[in-house]
Every structure is written in C-alpha cells, then in structure tokens.
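Quick note, the sequences are listed as chains U and G, same order.
Going by the working numbering, the first residue of the first sequence is number 1, and it counts up by one from there.
Going by the working numbering, the first residue of the second sequence is number 118, and it counts up by one from there.
These are computed hints drawn from the structure, not numbers from a lab.
A quick note: this is a predicted structure, and the numbers were derived from the prediction, not measured.
Beta carbons are placed, not taken as given, at the ideal position from N, Cα and C, and that holds for glycine.
Among the hints, erroneous ones may be present.
What the hints assert, rightly or not - What follows is a list of derived Cβ distance ranges for each label pair:
{"hint": "1", "chain 1": "U", "residue 1": "Lys70", "chain 2": "G", "residue 2": "Gln135", "range": "31 to 37 Å"}
{"hint": "2", "chain 1": "U", "residue 1": "Thr20", "chain 2": "G", "residue 2": "Gly175", "range": "27 to 33 Å"}
{"hint": "3", "chain 1": "G", "residue 1": "Arg139", "chain 2": "U", "residue 2": "Phe64", "range": "31 to 37 Å"}
{"hint": "4", "chain 1": "G", "residue 1": "Gly133", "chain 2": "U", "residue 2": "Ser80", "range": "49 to 55 Å"}
{"hint": "5", "chain 1": "U", "residue 1": "Gly85", "chain 2": "G", "residue 2": "Ala155", "range": "22 to 28 Å"}
Claimed, not checked - Chain U side only, calculated, beta carbon under 7 Å to chain G, not exhaustive:
{"hint": "6", "residue": "Tyr33"}
{"hint": "7", "residue": "Arg43"}
{"hint": "8", "residue": "Gln44"}
{"hint": "9", "residue": "Met45"}
{"hint": "10", "residue": "Ala59"}
{"hint": "11", "residue": "Thr102"}
{"hint": "12", "residue": "Lys104"}
{"hint": "13", "residue": "Phe107"}
{"hint": "14", "residue": "Thr109"}
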Amino acid sequence: AQTVTQSQPEMSVQEAETVTLSCTYDTSENNYYLFWYKQPPSRQMILVIRQEAYKQQNATENRFSVNFQKAAKSFSLKISDSQLGDTAMYFCAFMKLVNYNTDKLIFGTGTRLQVFP
Amino acid sequence: EAGVTQSPTHLIKTRGQQATLRCSPISGHTSVYWYQQALGLGLQFLLWYDEGEERNRGNFPPRFSGRQFPNYSSELNVNALELEDSALYLCASSVGGGVMNTEAFFGQGTRLTVV
Numbered sequence: 001a002q003t004v005t006q007s008q009p010e011m012s013v014q015e016a017e018t019v020t021l022s023c024t025y026d027t028s029e030n031n032y033y034l035f036w037y038k039q040p041p042s043r044q045m046i047l048v049i050r051q052e053a054y055k056q057q058n059a060t061e062n063r064f065s066v067n068f069q070k071a072a073k074s075f076s077l078k079i080s081d082s083q084l085g086d087t088a089m090y091f092c093a094f095m096k097l098v099n100y101n102t103d104k105l106i107f108g109t110g111t112r113l114q115v116f117p
Numbered sequence: 118e119a120g121v122t123q124s125p126t127h128l129i130k131t132r133g134q135q136a137t138l139r140c141s142p143i144s145g146h147t148s149v150y151w152y153q154q155a156l157g158l159g160l161q162f163l164l165w166y167d168e169g170e171e172r173n174r175g176n177f178p179p180r181f182s183g184r185q186f187p188n189y190s191s192e193l194n195v196n197a198l199e200l201e202d203s204a205l206y207l208c209a210s211s212v213g214g215g216v217m218n219t220e221a222f223f224g225q226g227t228r229l230t231v232v
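The following block holds chain G by itself, in its conformation from the complex:
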C-alpha cells in the first residue's frame, strides 16, 4: 500500500512568485494536515482538511492557502513568496472523518527554496 506522497520533492522559486505543493494521502484517509518545518524550528501547523473542508488553520498569513479535492488529495498554495518561506513542507494524513484515530502518517516533504 502506498504511503503519503508529496510532489515535487524540491521546488525553487523566486521571491514574489507562487508555489503549489501537492499531497496524496493514504488510501482511505480523509484528513490531510500541512506543516512547515523551517531550519532550526520544529514543525509548525499550517492547515488541516478533512472530507473536503478546512477544519483548522495555524498562525500563518492568508497568502498560505490550500484545498482538498474530492479524492482527498490536497494542494498547498503559497502566494507572494518571501525568503523566509524557505522550508520543508510536510503533509500528513490520518483516517479522519470523526473516527477516533490518533496516528498520522507523514510524507517525505517538499523542500521549498525561495531565492
């Protein structure tokens, strides 16, 4: 069974551009979480989608946005990129749908570099 997959693996963008990161959850999982891991920091929660709806949002500006598609895959969009957006972006999926299951499975991340 395939795990959580993220694409692209690496992404280099220029300041001011937009970046789109993609995540495919484990089959059967409806919840997708996005985290930012900047150098020297822990993982900071960005967004949580479950069954197509945004359930929670972290303390990030509105230029960080996303969506979840009917097949439960998800996109994270970062507009007007700034140098400090350079980080590893991790996606995780879990069973979701109100099912009491605490295990989240992570992808290998997208390394975003803003130059």
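Excised from the complex, chain U in its bound form:
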C-alpha cells in the first residue's frame, strides 16, 4: 500500500520570502504521479503542481517548484516570493497508474501555511 507523509503540520513565512514544504511517500510502484494541492479557506482543492515519476526534471509552475528525489521518495514544494494569497493548507498526493490508467489520489495529512505581511 502507498502512504504519503507530511511531517510539518504548520509553517509560516513572511511575504516575499521563500518556503519549502516537505513530503515523503512510500511505494513499490514504478509508474506514478505526485501532486501538490492547495486548499484555501474556501475549501476548494486546487492543483498547484504535478510531477511524473518517469521525468527526472523537476516540475515548475511560476513561483512553485518541486524537488523530486525518486530514490529517496521525497517530493518537496518550494514557494518563492510568497504572497498573502498563498495562505492555505497544502496537501501532497500520490497517484499510481494501473495499466497506464489513472487511479485514486492518496493524500498526506497536510501542512498549514501562513504567510505574514
């Protein structure tokens, strides 16, 4: 079975600074995807960034980037130039591929990020 661990229940950062959220996972699968989702107070889960396990290059989406270490099963999220609107719960998630089809998402317990002015 796959598990996702987020060891930082809460983090805080000052506006314009950089923060890194940690995530580790455990799997015996070789084909899978990793995600970071953001859940603001509105409760809506929003996809932040996605990484294919077969790609060595780290994914980047504007101010958001990941450090994907496949051998170490680590998938951290770096937020640069933090903005007040980045305040939210952040969830790391894992999805295995079943016969090259998508499967359910397995989530970590989340990290609450507070951005201070």
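Given chain U, work out where chain G should sit, using these hints.
Same frame as chain U, now just chain G:
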C-alpha cells in the same frame, strides 16, 4: 464552464439517520471520486465511479455507499450515521473512461455534522 458542484453545502443530521450527498461533475467528465476530510486528517479515499460503475472503494464500512447516474452525476449515501462521520466530504471529477488524464477537479464540499 461550470466546475464540480456539490449539494448541499452544509448538512446536519442526527446519529442513526441517513445522509445523501450529491455531486455533479464537470461536463464531459465520466469519473467521480469521493473523499472524506475529517478534522486534522488528510483526505481519505471513499469511492470511485467511472462510466456508471464502481471502480474502487476505500477502507470504509458498507454503510458508506453510492452510485453514479447515466448523466455521470453521483450520490454518496451514509447510513446509520455516527458522530465520527462528521467531516467535509469532497467530490472530484476527471476525464475518466480510460483516458490518460491525471488532473482531478474538486468541488467545494459538503460539511456533514452529526449530532
């Protein structure tokens, strides 16, 4: 284009009652996923429907059940409600149908409170 919509937004039930939660996926999406988000926990996978069939089920008792209708909307039913069923229930949809697409879009959830 409308996103994933869930109803009701809030639901208060008494222990032992039944709750019915509804989800309408994005137009063109055939896969619907249900997740439970209890306080302090991450999202726990409940059920996955694709093209009208149950594809996978999480580690929940049988009193959690659901279905998917021909228009791909879905219902989650929780029977014999217990206090610990109080949670945010999130629905997500994706393209499904065997199409290789990993992006799931979430609704805003139904907050179920059992008293």
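Going down the list of hints, with the structure as the test:
1. For the hinted restraint 31 to 37 Å between Lys70/U and Gln135/G, the CB-CB distance of approximately 45 Å leaves it violated.
2. Checked against the hint of 27 to 33 Å, the pair Thr20/U and Gly175/G passes, with Cβ atoms roughly 30 Å apart.
3. Range check, Arg139/G to Phe64/U: Cβ separation about 33 Å, and the 31 to 37 Å hint holds.
4. Checked against the hint of 49 to 55 Å, the C-beta distance between Gly133/G and Ser80/U comes to roughly 51 Å, which is consistent with it.
5. Range check, Gly85/U to Ala155/G: about 26 Å between beta-carbon atoms, so the 22 to 28 Å window is met.
6. Interface hint status for Tyr33/U: upheld, as the beta-carbon distance to the closest one in chain G is roughly 5 Å, under 7 Å.
7. With a cut of 7 Å, the hint placing Arg43/U at the interface with chain G holds, because the nearest CB-to-CB distance is about 5 Å.
8. This hint holds: Gln44/U has a C-beta 5 Å from the nearest C-beta of chain G, less than the 7 Å allowed.
9. Given hint, Met45/U at the interface with chain G, holds; its Cβ is 4 Å from that chain's nearest Cβ, closer than 7 Å.
10. The beta carbon of Ala59/U comes no nearer than 12 Å to any beta carbon in chain G, farther than 7 Å, and the hint placing it at the interface is violated.
11. For Thr102/U, the interface hint holds, since its Cβ comes within 7 Å of a Cβ in chain G; the closest pair sits about 5 Å apart.
12. Because the smallest distance between the Cβ of Lys104/U and any Cβ of chain G comes to about 5 Å, under 7 Å, the interface hint for this residue holds.
13. Against a cut-off of 7 Å between C-beta atoms, the interface hint on Phe107/U holds, since the closest Cβ of chain G lies about 4 Å away.
14. With its C-beta approaching chain G no nearer than about 4 Å, Thr109/U sits inside the 7 Å limit, and its interface hint holds.
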